[in-house]
Amino acid sequence: CSGKSTVAKPEPLRQIADPQVRGESRWATKTADSQGLSGLRPLLAAGRVFVGDSKGHIQALDAQGETLWSQKTDFRLSAGPALADGALIFGTLSGQAVAVEASDGSVRWSTELSSEVIAPPVGDRDLVVMRSGDGRIYGLNPADGERRWTLNRSVPALILRGAGNTLLDSNAAYVGMDNGRVIALDRTTGEPLWEEAVSLPTGRSEIERIVDVDADLLLVNDVLFAASYGGDLVALATTNGRTLWRRSLASYTGMDFDGRCLYVTDAEAVLWCLDPSNGAAIWEQNQLKHRGLSAPLAFKGNVLVSDFEGYMHAVSSADGAIIGRRKVVDDAVNRPMQAADGVVYVLGRGGRLRALDWVPVNSAG
Amino acid sequence: IAPFQIEDISTQGLQRLEPDTVLSYLPLSVGDQLNEASSQQALRALYNTGLFQNVVFLREGGTLIVRVEERPAIVSFEIDGNDKVGGDELDQALADAGLTPGELFRQSLLDQVKQEMQRQYYANGFYGVSVEATVTELDNNRVSIKIDVEEGKPAKIKSINIVGNQAFDDETLLDAFELSPTQAWRLFQSDDNYSKQKLLGDLEGLSSFYMDRGYLRFDVPSVQVSLSPDKRDIYITINVSEGEPYRVEGVKFSGELILSEDYLRQLVLVREDDTFSRRLATQSAEYMEGSLANVGYAFAKVNPMPELSEDGQDVTVNFNVVPGKRTYVRQITFSGNLKTNDETLRREMRQLEGAVFSRNHVERSRTRIARLAFIQEATVDTIPVPGSDDLVDVAFTVEERPPGSVQFGVGFSGSQGFLVNGSLTHTNFLGTGNRVSLELENNQIADTISVSWTDPYATPDGISRTVAAFYRKSEGVIRYSSGFDSNSIGSSLTYGIPISEYSSFRLGLGVEETSINTFATATADEVLRFVAENGSNFTTYEFRTGFGRDTRNRTIFATRGSLNRINLDLVLPGSDIEFYKASYQLQHYQPLFSGVFAEINANIGYIENYGDTTTVPPYEHFFAGGTGTVRGYRSGSLGPRDTPYNNAFGGKLRTTVQTNIVIPTPLESDNKTTRLSVFYDIGNVFAEPSDWEYDELRSSAGLAFEWFTPFLGLLELSYAFPIETDPSIDREDRFQINFGGGF
Amino acid sequence: CSPVFKLNTRQGNMIDDEKLQQVETGMTREQVHYLMGSPLVQDDFSPGRWDYVVYFRTGAGEEYRRTVSMYFDGDLLQRIDDSNPPKMVGDEEAAEPDDLTPDNLP
Amino acid sequence: CASNNEPGIGSLRDDPLTPGSLDEQRVARLNATQLYDSAREALDSSDYATAMQLYDRLDAQYPFSEFATQARLESIYAQYRSYQPELALSAADRFMRSNPRHPDLDYVLYLRGLINFDRGASDILDALDIDSSTRDPINARRAFEDFGRLVQRFPNSIYAPDARQRMVYLRERIARHEMAIARFYETRRAWVAVSRRTQDIIAKYQGSAVIPEALAMLERAYAELDLPDRAMQVMAVREASFPADMQLAEPPKPQAAVAESKPPKKDKRKESDAPAPTAAPAATPTQPAALETSPAPTLAPAATPAPARSEEPSFGEDGVLMPQLPEGF
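Residue numbers (my numbering), protein chains in the order written: chain A, 1 to 365; chain B, 1 to 743; chain C, 1 to 106; chain D, 1 to 329.
Just so you know, these hints were derived from the structure itself, not from any lab. Don't take each hint at face value.
To be verified - DSBU-like cross-link-like pairs, simulated, lysine-lysine; straight-line CA separation at most 35 Å:
hint, chain 1, residue 1, chain 2, residue 2
1, B, LYS231, C, LYS19
2, A, LYS9, B, LYS146
3, A, LYS9, B, LYS301
4, A, LYS72, B, LYS231
5, B, LYS153, B, LYS196
6, B, LYS325, C, LYS19
7, B, LYS231, A, LYS327
8, A, LYS9, B, LYS198
9, B, LYS231, B, LYS84
What the hints assert, rightly or not - Chain C stretches covered by chain B per the calculated footprint, using a threshold of three residues with CB under 8 Å from any CB of chain B:
hint, region
10, 3-9
11, 28-40
On a predicted model such as this, the values are computed, not experimentally measured, just so you know. Even for Gly, the Cβ is constructed at its ideal location relative to N, Cα and C.
Isolated chain A (complex conformation):
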């Protein structure tokens, strides 16, 4: 029966043949347990790190990890923050959208949506786009939270927990949905520009028909890369959604691009480097199979992935060989890592946030 469902054993860690880089921790701090809410992600902006946790505690840290301000709220934060018009936008399990001032964390506004928010919001100077768990997509005014437009799409009977990011560009918002389709909405009116299926549900039982597009979307100039759990990875033209190429690869985590490789970790935690022009595989790294790998992050010429035991692995972008490893958090990394100004930020499931750098092995310090 379907391969996806066999309970597989994770690969053991192997000795690294020729280590070239090592992780050097800058600082680390503790936030409340994120209870598997992959939509709660640290925000790197203006040299600062903003992070909110599931107990409602929001804090801003500087590049050295010092707390600039911290605000205790009783919102059951479950997604965000996104930066919009100087405000940090969060979603909550009680179905609210909340905006707090990025300067001091005071609440600017909060509004009711129709269901819990687990998809990370996105925003910019004059628009916030949020998604509620029941398939609705909202366009809000970052100033006062007033609802500009709403779009409604049905949700299959059984879906994958978690949701990918939403991308925003000058004229459209791109959303990967739980029904296996990607939709582009006009950012001012909310009208759909185009809607394309990444995977179509197949199989008899509900579980075989899961096709969520939960992996983070990736926008590279005007090509949108999207991957679904249903087993397809597609490159779409942002102008009209036409499929440039398509290949079979199931992923629920995310992708990154370093100019040469389109990196993606698939559902069995194999790290791929694909040719962005046709999706052909340049190399694949399967020594970390079934270790619940996070989305890949291109960093200083290599690519980083973290696994379910909190190890971060550095992989050579040339041939995919593992060239470094370091334990960064004490449990799974179930959300994409982020980098800014040469520092990588990783938030573990248990709530530990660590900033670190990767330096060549033989370098001093």
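Once you've looked at the hints, dock chains B, C and D against the given chain A.
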């Protein structure tokens, strides 16, 4: 093959089946014309038998050759690894599908079963399951089938998140859910296994929770069920829109009421100005349906329809009555009574044939049958007579209980130590419902022969008559006290006269001759004094009367109702000794919570002499201690002592109260043949009523288990810890066993 | 009468006088059946006749009888005769649930 | 008395059953015969446990031989005689389903009837000659239906006469059960119930000895219900059909025909193709005298022509109550 006239038919390829079996299914016969149509039809017929994998028609001259390939027979069928989904319903499903040894194998059937098992695993959250089937060919066209199941771990519910609830917080709402998120502290938690049926049930429960509190516009716009990528955790999100609570503005009736409106209004639990509650409305409707069914409208339907006012939050409850036709009972049938005569059951009927149907009469009839000592279970259902819209048959199904107890050889009774005795008690003698008991007893203490015969229906209206006679010769001691012999012989005739459905009057006469002989060295002083004052040979004529009211739903292992019984046995003036014995018995069943109920047995017994008899004969004294009175104490050992031997002497007044908290057990036989209870007994016996003192009462608590055995009647095992006790004189008997009683 | 409790005996149909008024000769058996319900006393010896018998006997022995006979010619109602109008026990009182219900009504 | 040893069975164990060459088949065939013979011998000596074991082995090892079918037939009888009625009944049904045209099918139906017949009556009560007909007649009805099917599908089967006779007895037993109920309602003075019950009996159990009592009771019910003309009508019919002096004997309970109920021996029928099994069971029990008297009582011609009745049961022209037993009598 070109169409031709069939001159002969022969078969090829048959291995297990007989040729004429094939011919019997073949719609063609010699002389028919074989053409396109008839051959198609014949092929289809043969395939429909399910016996053949492949059928081919050949022609040899004028003979039609039917070459068949029989389906292989299944020799062995094995499934392993399936402990979660399986058991006998699966075997039954396989047998029905024809996948068992001896049947014919069909691949499509096996795929169906594999698919069905997978579906069942998914439905119970085993998303990691893999089901593989292998078919191995054997010789002689036989196959053996093996299904391997690898279950993996079931997905557990990680969280249930209710969004949009203002009036009640998640915690209270989730309280009534059958499903619940995994709670670490609950070790053997099973309600965190996801199942779609249970979720639908919980949603149903959620909406009735709101409806019962007036939220008539409550709605669940959408529910999301999501699974973590590693298929271990399930997240359930329920989006609700509560709306506002509605207040009851008034109640009205519509439709054909049959009974008067103010009669119906008494049955309405919905009160004005309360917030509307669907539960109360439904319950009121059920009461009305019940009353209508009591007067013949067996299929009456009463729908409580809330009518919302446009403005504001008010609702008027409109009870719409659809009585249907007044129904009559065509026939009453009994099934399952292999050892009981039809009349023994039919005479308990409060519903007659050829009469208007009455629900409470039928229900009361069922209870009366269930109360019979030889009936363990009685169920009834009302079946509409096909072809008529107002006739029903009432079908009773009874499960008979072993009718009596046969004791033989060595018996053990708490009060008299080891007895060699034989006793036969049969409560359904030859199926007539008459109770017969014969008791023979000879052991070192007493020789007894006693016979009793009870006919519950001496008259068609249920006047019962009991005839009893006994001869008892007991040397040494009675209840090992007071060292005297007594021989007595007597007989009695007692009638039970019903004076209402639940109460009856007791009337009877008894005559008894007793003689005591005492021994200076062994008999207690009190007895010697009694004999000195009143003599040692007595002939007594006894008048028996009493009144009883019994609303229990069963006589053995009752769970509801109560029994009050007052008896007075007066030895008539002019007998050699004159005394009277009065007793009051209360047995009451009080439901407590969720299936647990209490059984209270209170007894007061008082005996007093009158006329020139100086005191009550010692052999008539009440004794206390043991199974029937205060458990945990040696039988009959409580109360006053005689001098100088310090044996229990009994007394004139006995007061005992036994409180059993009956605990429901998962046993299938619970409250049918077995019962487990925790008990607290308190009581004692006093020489004179004036001696009664609260702190003189002895009490104990413990655990009791009753089992209705196939042959020995009711067996009661109890283990008790004495609480209020005086160790210097009380003799404990923590573990006690008693059988043969119960009816 | 003796204090002994004797069961009431109720037999036969309950006659609803309003419905009886609506029955006229010339009606078909089906129409009569619709109004009056199934006659509990009919037999193969006289198939053309339906009897709606009401028989009520109290424990004490008081008896109350009423019979409404319907004579059919084939399928059409030819004649109705009513033995005697209701007197002693009205349909409504007879319909009241007896005192058998200590435990289920509120 | 377990059969002393298993003749020839031992040699079977190590015999590879690949019917490749002709002689193996002959050997297999031979052993099957021996296996069958020893099973049958165990059956005849009432050692049913061993018989059943051997039949199961025969069915498992030679599933294609005629012996397997015969083994399944005879194992039904073995299960019946070792007091496993449920197993025997389902085995009989399975046999009939998979061998719809087996020559001994009439025997299987007869056996089914016997199984239910014995479950209906309980020997102790009969021994005490207590009327057990007032108990739940469910098994009596089932036996009646089984024998009915036998008589209808195989009217001239050797088992038909005994089956018919048992049907008469069963029908009488069920009639007496119904009559006991009617008597109860009479004591209870529930006259409408009495009228309906007695009519039911008169319609369904014609020829039974209880009919006169039923007619009398019906008459009394109508009188009590103050329906004199109906009462008169019933009296007329009663007097016409049963003059006062006529005595109706009840059919005796047929004895369990141990010898006759044994399954027919497995013969070499395949060659001779004669349907009747050669080893006919012992002669059927002598024709019981009662059969003549009760169902078709010799009646005086009815004084008044009995009214024609629309649907069954039909009155004969001379007013005689036509017996309503299944045709084929």
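- Item | Assertion that chain B covers the region 28-40 of chain C - criterion: three or more residues, beta-carbon distance below 8 Å | Satisfied; 3 residues make the cut.
- Message: Can you confirm whether the C-alpha distance between LYS9 (chain A) and LYS146 (chain B) stays at or below 35 Å?
- Response: Holds, because 26 Å separates the two Cα atoms, which is no more than 35 Å.
- Query: Is the hinted pair LYS231 (chain B) and LYS84 (chain B) satisfied, with a Cα-Cα distance of at most 35 Å?
  - Reply: holds (18 Å)
- According to a criterion of three or more residues whose C-beta lies within less than 8 Å of a C-beta of chain B, is the region 3-9 of chain C covered? holds (count 6)
- Proposed proximity, LYS301 (chain B) with LYS9 (chain A) (alpha carbon, max 35 Å): The given pair, whose Cα atoms are some 60 Å apart, is violated under the 35 Å limit.
- Given the hint that LYS72 (chain A) pairs with LYS231 (chain B), does the C-alpha gap stay at or below 35 Å? holds (34 Å)
- Holds or violated: LYS231 (chain B) to LYS327 (chain A), with C-alpha atoms at most 35 Å apart: holds (25 Å)
- Decide if the proposed pair is consistent with the structure: LYS325 (chain B) and LYS19 (chain C), CA atoms, cutoff 35 Å inclusive. holds (12 Å)
- Query: Are the Cα atoms of LYS9 (chain A) and LYS198 (chain B) separated by 35 Å or less?
  - Reply: Roughly 31 Å between the alpha carbons, so the hint for LYS9 (chain A) and LYS198 (chain B) holds.
- Taken at face value, is the distance from the CA of LYS19 (chain C) to the CA of LYS231 (chain B) at most 35 Å? Roughly 68 Å between the alpha carbons, so the hint for LYS231 (chain B) and LYS19 (chain C) is violated.
- Message: Against the 35 Å threshold, does the CA-CA distance of LYS153 (chain B) and LYS196 (chain B) hold or violate the hint?
- Response: Answer holds: LYS153 (chain B) to LYS196 (chain B) is near 18 Å, not above 35 Å.
Consistency with the previously given hints fails for numbers 1 and 3, ordered from lowest to highest.
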